[in-house]
Structures are given as C-alpha cells and as structure tokens.
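> Chains as they are written, first to last, in the numbering used here: chain W, 156 to 426; chain D, 156 to 426; chain V, 156 to 426.
Please keep in mind that the hints were generated in silico from the structure rather than gathered at the bench. No false leads were slipped in.
Identical chains share a label here; the pair holds if one copy fits it or two copies do between them.
In silico DSS-like links for lysine-lysine, alpha-carbon gap of 25 Å or less:
| no. | residue 1 | residue 2 |
| --- | --- | --- |
| 1 | 338 | 270 |
| 2 | 396 | 270 |
| 3 | 377 | 396 |
| 4 | 377 | 252 |
| 5 | 339 | 367 |
| 6 | 425 | 194 |
| 7 | 338 | 363 |
| 8 | 338 | 377 |
| 9 | 363 | 373 |
| 10 | 199 | 252 |
Remember, it's a predicted structure, so these values are computed and weren't measured experimentally.
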Amino acid sequence: GGEEKTAAAQTDSGQKYKNLLITCENGLRTITLNRPEKKNAITKEMYEEWIESLKEAAEDPGTVITAITGSGDYYCSGNDLSNFANIDPSKMHESSKEAGVLLNRFVSAFIDFPKPLVAVVNGHAIGVCVTVMALFDAVYASDMATFHTPFSALGQSPEGCSTYTFPKIMGPAKANEMLLFNKKITAQQACDVGLVAEVIPANSFQQKIWPKLQAHAKLPVKSLVYSKALTRDMEKDILHKVNDAECDRLVERWTSEDCINAIVNFFNRKK
Amino acid sequence: GGEEKTAAAQTDSGQKYKNLLITCENGLRTITLNRPEKKNAITKEMYEEWIESLKEAAEDPGTVITAITGSGDYYCSGNDLSNFANIDPSKMHESSKEAGVLLNRFVSAFIDFPKPLVAVVNGHAIGVCVTVMALFDAVYASDMATFHTPFSALGQSPEGCSTYTFPKIMGPAKANEMLLFNKKITAQQACDVGLVAEVIPANSFQQKIWPKLQAHAKLPVKSLVYSKALTRDMEKDILHKVNDAECDRLVERWTSEDCINAIVNFFNRKK
Amino acid sequence: GGEEKTAAAQTDSGQKYKNLLITCENGLRTITLNRPEKKNAITKEMYEEWIESLKEAAEDPGTVITAITGSGDYYCSGNDLSNFANIDPSKMHESSKEAGVLLNRFVSAFIDFPKPLVAVVNGHAIGVCVTVMALFDAVYASDMATFHTPFSALGQSPEGCSTYTFPKIMGPAKANEMLLFNKKITAQQACDVGLVAEVIPANSFQQKIWPKLQAHAKLPVKSLVYSKALTRDMEKDILHKVNDAECDRLVERWTSEDCINAIVNFFNRKK
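Hey, can you work out the whole structure from these sequences and the hints?
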C-alpha cells in the first residue's frame, strides 16, 4: 500500500506493538503481522498484541474497515512452535492451561469484533490464522497463497471455530480433508469452497486490494456495523461454545504423547 | 411460455391484481411480475398483491409448483424507491414502522409457503427479490441475469433472511461481498455459490424452463409438499426471528440520515 | 486394493456377513458392499449387517479409518425394492413401521459413528446410500460415479438426514433439484457442490485411493477421533431429530397410494 500514511493511531502505537505495524487512514485500518523473518509465526506476545490491536480498532471511532495482512512472503505461519519449547516439564499441564486461555481470548476477539474485518492474504497461511479466517467478513487472497491446517499430523486438533465454520462453509467432505487429513489447498481451491471471496494475481495484488478496501471504508459505517451484527449475532453463542470445546480439547492434546512426539520430531528435523 | 393458457384461477384474478399476471395449468402456477416499464419495482400495492397471490397459490388444490418470473428485461428491481418519496416528513417514523410491518409480512409469506416455489430469473434482480430467493426451493436463471443487493450504498441493511441464508449458502466471505459491500454478481457466479441451481442461455431460456417445470408439476404433490416441509420446518423459527431482527433494523435505517441522503441523491441523479 | 490382506477381524466375520466383505490392515478397515449381481441394493438383512459392521469397526481398537465401497460397477443402488414385494397387504402398516425402525437405526449408526468414515464411491449411487454420504467425514468418487435420489418419483421422501445436510452443504436450490425433483448428478457436479471431496479418474481410482487412505490410517487416532467429535457433537441432537422426522414421514409414504403405484409400475416395467 504505497498510498498509505501512518496516521496518529499508528504513531501512538508505534512503540506499543513489537510484532505488528498499524496504519489508519480515511476509515481503513491495516494491521500488518510484522515478523517476516519468522514467517509471521505467532508468539505469546504477538497473540496479546493482536488481541489488543483488535480492541483498539473496535474502539476507534475513525475506523470503518479493519484489514489484517502479513509482511514478507507469508501471511502467517500459525502458532510459533517455540511456544512449546521453553516449558518446564514439571509445569507442562499448567502451561497448557494458560495457553488454552490465551487461545480462547484470541479467538473470542474475532467472534466479538463488531466492525467489518477483512483478511488480505498476501501469501502462505498455516494453522490458527487459517481457521479464524472463517470469522472474518471478507477474505481476499493472492494467487500465491496457500491454506494449510496440519493439526492431526502434529497430534493436535482444530481451533478458531473451524470445526463449526468449515463444515458449514464447504461441507464435511472438503472441511475434513483440511481439518482431519492435513490437506493443503491453493488460493483458488479456497475460493471455490467459499473460504476466500476473490483470488487476485500476486503481481497486482497490492495495487488492486487497497483501493478496493479504501472504497469500502467510505460506506456508511452504521449500515456496515448493523449489517454485520445481523449476520453474526444469532450465531455468537454457538461460536463461543465451539471455541470453548476446541480450546479444552487442545489443552488435553498439548500434553499428549502424540503432540509431544510430533513437536520433538519437528525440532529435530530443523536441526 | 407460449404454450400456457390462462386458466380459471387467472380469469378470476384478472381484475384482482394490477401488477401481477397469473396463469395456472396442469399443476403449474406462474406469477409474473408485470410492471415492466418500472423494471418490476415493487410498490406497496404490489407487495400486497404478491402476498395475496402466494396465499392463493398455497390454498388452490390444483397448484403443485408455483413459479415467479418477471415480464420485460428485468426479473425485479426490488423495493420501488418511490415508496420513500411521498412520505409526509412529520409522519416519517410512523411510515417507516408501517413499511417494516409490510416487509415482515412479505418475507413471512415466503418462509411459510408450503409448496415448491421456483424463481424463474429472466433478467436483472435487485434488492429484496434477490434476498428472498434463498427462501425459494429452486432458482433457474438466464445467463443475462444479474444479482445485486446494494444495501449499505443506500444507507440500509439486508432483509429477506439473507443475513442468515446467504452466509449459510455461500460462506461469509462471498455473502458479505454482496450484503455489506454491494457487489453485483452474474448468473454464473450466483450458480457457483449455490444461490442458483442452473444457468440457461437467454436465447433458449423460455423454451427450456417451462417444459421442465411442467414436468415437475406432474410429480406426486404430497411427496413434494411433505419433502419440502422436512427441509424447512426445523428452520422456520429461526427464519422468523431473523426476519424480525432485519425488519426492526430497517425501520431504524429508513429514518436515518445515511438512508435519507442516499435516497435524495438517487432522485437527484435521475433528474 | 491388491495390497490388502484379510485380517483376523475379517476371518471371524467371513461367515458372519453374507452381503459384506470386510478387511482390516494397519488401521484401515474396508467394508465392501458385496451383492454386485443386484447392484449392491440393500435388503433388510444387508441393513442389519451394515449396522453390525459399523459397530464392529467402532469397537475394534485396531481400526483408525473405516472405508465403505462397493463391488462391481455400482457403489450401491439404495433400498432393494424387493423389500416392498413380499409384504402381506393386511400387514402393510405394521411392515412399514418395522421398516421405519430399521431405517432409523441404520441412519443413527452413521450419525453416531465415532471414527473417521470415508466413502469410496466406485460407481453409481442411488437413494439412501447417497443421502447418508453427507454423514461421512470424507467422500472420494470415481469420475464414472453418479448420484441419484429419486424420492418423489417413487412417491416417497428423503432420508439419511439429507433434508438437513444437503441444503446446508449445497444450498436449497441445488439440494432440492436432487431431493424434490429427482435430478441425477455426476461425480464432478457432486464435487462442485461439496458432497464429494475429490474426483479421481476411473482407470486410476483403485490405485490412487487406497494408498491415500492407508496414509491417513497412520495419523494419531486420538487426534482424528477427538477432531471428528468436535465437528459432530454440536450437531448430533438435531441430526437425530431430523432422522426421526424423516423416518416418520416415510412410514406414512410407504403405505400411500403414490408409493404403492410407483412400486407396482417399477416391477411391471422390469417384467
């Protein structure tokens, strides 16, 4: 977005966020995941910042549309597995519970976000950033993007309300190929199943997406907010229940042999 | 439909409806929106007639399949904005409430319609005639048809249960491009997302669609009616709740500055 | 699947099942519908065997993935209409009620199956084997397969929870073309609407599908089972309610003139 400037909100939060870059202009707020050297993997600190940045967007009267995007080649590579690395084995169950509470708060921030939220998927997307995408109001993807949710391969289980939203959006057969059987899909496949609204060629992605969102940000904000509420309010209770059930299951999974072995293998492969 | 004749039911209702043309033969009832000079825009009188014509179809033992279509180039251009034009400013809130009650009754007529209901989308479709389409049991479209729901552009919000049915059918990303961001889609795009069952070339649309529906009208009516009830009954309560919430919101929106300014601009552009 | 051997479970059940062939190796259990001379049409005995084989798969600790497929050119041609043929007219209502109870137990066996269940659709599929497919976790189809649910043409009504699952997966317009209007669709069309996850050319179907499922069967079983539970548990109550309503309706339909005439015509055409 060459045309964008860093507005007051961003100047204030320049020091506030270590892992995010925020801009806000003419009603369009952009939250850029900014850990490109780590493929925008989400550390605990970054989960907290992402939650805070959504709160800030919700409360700012000048924000109409909020867009999430990534810097570098990845949109986001999901939960940073180093979150698992430094855990004192004697405190594994306690750490797992804390991680479950953090994940629950993170997903709730998407369920409850009151304004139009748009994913600008500039590149590869893995794990929780894919699953929460179904809680966004619009998703635009570069044709170089891929979508991957390898939960069972890591001894884990799906989150982000995807066990509810994915079968609803794409039917159980295609949802479970992703959620149970670790299938990675392309941007075009994600568009065909309804997870993505539109695929844009990578070489014109940045030039095309921002003017589109700038135009959306000029629409009457009340019509947008009230219309979103109509699409979401009937479903909020069930989404929170699904989020709770998914997080409870992950707290169990994270301390399971299946998961521990998979994480150990992951780090051994990287050595 | 050159083969169709105007049956007794139509003769009776020939004077009854000013804006609709009704035919009924061999189980197939056709309700044609017949204000082509106004692109079949729906006036208050026409809402009442459409509701009455559905009641008549439901109660007629000779009606198996009911088809809705438009005369001229448009299927229907939605709410006639002249409905807004002649309102005494001192009675704006009262008029808005009355319009909300009428809309609620109109949408309820689709939710509760007990027999197979088919949309024969001969051309462009705008607004409420698009949103209630997801309450039909089948939708066939000419390849010249388009589907447009420009609610937020007019300071309004979606109706026809579309805030529930559209995300369910096409996923939130594609639903919100239409419902929040005013995207107009083609017949083929509407078919790809599941709003339309089949697209037929415009030059053979009339020749192909009517024999198909005539064949459907020969199926055992009880199997059709009972099967439709199975697909619909579990969902009726939620559809009525969604309809209520959408109409309440529109009653507020219609008297908002957002909407009033948009309507004024619309009429200024036409001058 | 040339690589497969008949494991202990199958040897035990070799005499147990007259209409099914069971193999189980390295976590992958295959249940083959084995009445190819009758296009794998389901007799009352075969319904009971299919229910029993699912119970066996659920309880076997060595079974991770369970696949259903057909022998010969058909996957399954649905309810064997000879089930209707030998009914004492004086006991028609009693027989109909018994058939309703059997169908309810059959569909419940799919709703409640706790492990990943995969349909390997080798050829044509008709009736109840199509409708319950939406209760599977993944569906792979040969490009020679077709999907047909001619309920109203036979004076009947849909089962297998399809009145709930089909509109949810593909939207009402396309669902009702199948469920109300007897439309037969191809494997590719079934994939486009989300009933099928992937279509594989017939000449490589067997070679490609089994190694894929063998790989899935090596995934951590707890992650698979718990993940499936998350996708299914919220919906189980409503699925059982839908199953009850559909079976109640069929008990009425099976003794109706519409159905009796259709069955008589079917057998007259075969003579």
